[in-house]
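So the protein lines, in turn, are chains E and C.
Counted from 1, the first sequence has number 82 at position 82 by our numbering; the numbering is strictly sequential.
Counted from 1, the second sequence has number 304 at position 304 by our numbering; the numbering is strictly sequential.
Think of the hints as simulated: they come from the structure by calculation, not from any bench.
Backbone N, C-alpha and C fix where the C-beta goes; we use that ideal spot for every residue, glycine too.
A few of these clues could be false.
Unchecked claim - Not everything, but these chain E residues come out facing chain C in the computed CB check (under 10 Å): (1) 109; (2) 134; (3) 136; (4) 262; (5) 319; (6) 323; (7) 325; (8) 326; (9) 379; (10) 389; (11) 390; (12) 396; (13) 399; (14) 405; (15) 409; (16) 412.
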Amino acid sequence: MKKPLFVVFSLLLISAFVLSACGGAAAPVAEEPIAEEHAEEPMEEAPAEEAPAEEAMEVIEVTFWHAYGTGSAEETAMTALLAQAAEDMPQYKVSALQIPFDDIYNKYRTDVASGAGPDMFIAPNDSLGDDARAGLIADITALADGKLGDYAPLSVEGMSVDGVLYGIPESLKAVAFWYNTEMMPEPPATTADLQAMMEGGTPVSLSYGCYHHWGFFGSFGGQIFDDSWTVVAGDGVADAVGYLNDLYQVSVENGWPKNDGDGLAPFTEGTVAAITNGNWAMGDYSAALGDKLAVAPLPAGPGGAANPLLGVDGYYFNPNSANLEAAIEVALYLTGADAQAMMMNDAGHVPALTTVEVTDPLMLGLLEGFGNAYVRPQVPELGLYWSNFCGTDQVFEAGTPAADWVAEATTNANKAE
Amino acid sequence: MMSEADKKAHRWVKFRRFTLPYVYLLPAFIVMAFITFYPLIYQVIISFTDFQLKDLMFGLESPNLNQVGFKNYIDIFTNALPVQNFEFLRILTYNFWWAISNVALHVPAGVVIAVLLNTPGLWGKRIYRAVYILPVVIPPIVVATVWRNIFHEQYGAMNQFLTAIMELLGSTDPVRLRWLESFAPPIKWLLPNSPLPLAYYAMMIANFWLGWPFMTLVATGALQSIPKDLYEAASIDGASNTQQFWNITVPLLKTAMIPASVYGFTLSFNLFAFVFFFTGGGPARSTEILVTFAYDLVRNLNLFGVAAAFAVIVFFVALFVFLVTNRITRATESYTEA
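Okay, chain E solo, but in the shape it has when bound:
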């Protein structure tokens, strides 16, 4: 008698699995109104005189991701800014979530592709072109029309792909040469000066990595792409990589830091005289070094001025968002004059808004460096740079001649065609 019962029970269990798997969407539909009723009923049923005015206001939740490191000047400034936003815009509840920078793009993409994701997120325009072409970022051209008149045209351009606007610009960023005036009264004006300084024993934390290397290509007259976005890295790029290899060997010999992460503590503690990094780190450097901190463009070389990649940080919006207009309004507040002044003063962000007055010598120094910067292109071919020119270990560590390595990288990149 027990066996048939067991079989029946098993069949019921299987049916339950099948029904749950096939009818996933049905349950929430039935449950949602109940949940809403519970949430709304007390407000509706409560006597009018007992309900404060704020409670009657419909509060829209805007979910927001950022990638500012825990405890960094950027995160501290953003937290303060969001607290201010909560006071100034009680109609919106901004729920911020910090995502590690390495994960933010992939997490956003997979979430959006599965129909979820935050209403908006802030990040550099590193992959805006690819994401926009993939339909993963909302087109806000119409919604933001007429609202970005005071933003630097360069920053608005950085938020656009093929003439379509995909974000609200917040700040500009590029790699610069930060130095401690007590240890290095004058920054190196040329690549030869920098090499002489390092070989002479001045400790410099040069950041070796394909993003940081880009600026030196201009110093040696090199370019990665031609006008039609074909990879044409040649002698100039090879000279730059060869030069960086020489500096790398000096760094290794002296045990100096070789990336911005490792360089943070020695630079802020005054054991290295200079560091190459983007202006996102300015808040931390400034807090530690105060008046001793100065900034200069990356050194020029025989080929001309350095041309670091110029990126634009901005707020992007989820095409799945049910609160797109609210999110844009929040983003406009977070990039308004007061907000950008706060991010400039506390976190070293170079404002995208032209109405923000820049008087800080550090900011002015950065803007000088940005003059020669290479505006990050939003073309699909940019990916060929990241997939083929980032393995400089092969030169720095394995000893492959720079010219051979660059030639191989160029050939590899053009395989994709």
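Given chain E's structure and the hints, the job is docking chain C onto it.
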């Protein structure tokens, strides 16, 4: 002679006997269909396409998705991917070597430590056994991060330890081994088509810490199941401790240690989290294993179609490993015989 009713009842019983196991298996199959088979089939399908970021939003419905046939597979085998410093055969060779060398170290060490800790009258056996299981339960990302810091060129404990030893030997220079960065292989002739940099040895040390406790755990269990009478009889017959070890302990441990070795091999072969967080496959992709490269194809390069093809190849490599090891261990024999 059976009546028609009896025959019918007999057929029903036979039918029930035949179908009942499948009824029991059905819930598991339904769950697996969603969480295992569907992603696998989807992956095989996209391995024949140029699936990239552009197709993520619409999946197989994407208007931009192109069928490319076996191109992804051919590109992988001929090293024609638009990715620098990629050689499939080198990564495959290194991956096998990495797994084999780890097992070759962990198993003997695990057995020796288990035998030592099994010494009659040894104090604190329970404490030792509780302590040495710790590495097994610590998440791989924590293990990798801690060991990465230990091998840091400037601040790492390993170089400081070596400096202290060198000081005892009269040297005043600090040891600055660049464990995770130096490309030059310390032993040049070892694995010629995939030179093993210092990072490999650093990983071996760290993974040894991670790997021996499991082998010791298995060996301890197996040791306790060996009847003591055998040792007593051997002792009476005049066998030395070494002879007892080689002629009693080792043969009787084999039944437990061979499956454990196979498990260890499979685990090391696909040790994604540890390798990814420890060296990231560097320097110059010299410690890259198949699964970390597949992940790089997805995460950094967004070549989903190529990554899917790569994963299918990894599947066949793993299948080959399984078939070989299964033949050695006869792990599934009892099921097939039934």
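Consistency of the hints with the structure:
{"no.": "1", "hint": "109", "in the structure": "holds, 6 Å"}
{"no.": "2", "hint": "134", "in the structure": "holds, 5 Å"}
{"no.": "3", "hint": "136", "in the structure": "holds, 6 Å"}
{"no.": "4", "hint": "262", "in the structure": "holds, 8 Å"}
{"no.": "5", "hint": "319", "in the structure": "holds, 8 Å"}
{"no.": "6", "hint": "323", "in the structure": "violated, 20 Å"}
{"no.": "7", "hint": "325", "in the structure": "violated, 22 Å"}
{"no.": "8", "hint": "326", "in the structure": "violated, 23 Å"}
{"no.": "9", "hint": "379", "in the structure": "violated, 13 Å"}
{"no.": "10", "hint": "389", "in the structure": "holds, 7 Å"}
{"no.": "11", "hint": "390", "in the structure": "holds, 8 Å"}
{"no.": "12", "hint": "396", "in the structure": "holds, 8 Å"}
{"no.": "13", "hint": "399", "in the structure": "holds, 8 Å"}
{"no.": "14", "hint": "405", "in the structure": "holds, 9 Å"}
{"no.": "15", "hint": "409", "in the structure": "holds, 5 Å"}
{"no.": "16", "hint": "412", "in the structure": "holds, 5 Å"}
Hint check: violations occur at hints 6, 7, 8, 9; the rest are consistent with the structure.
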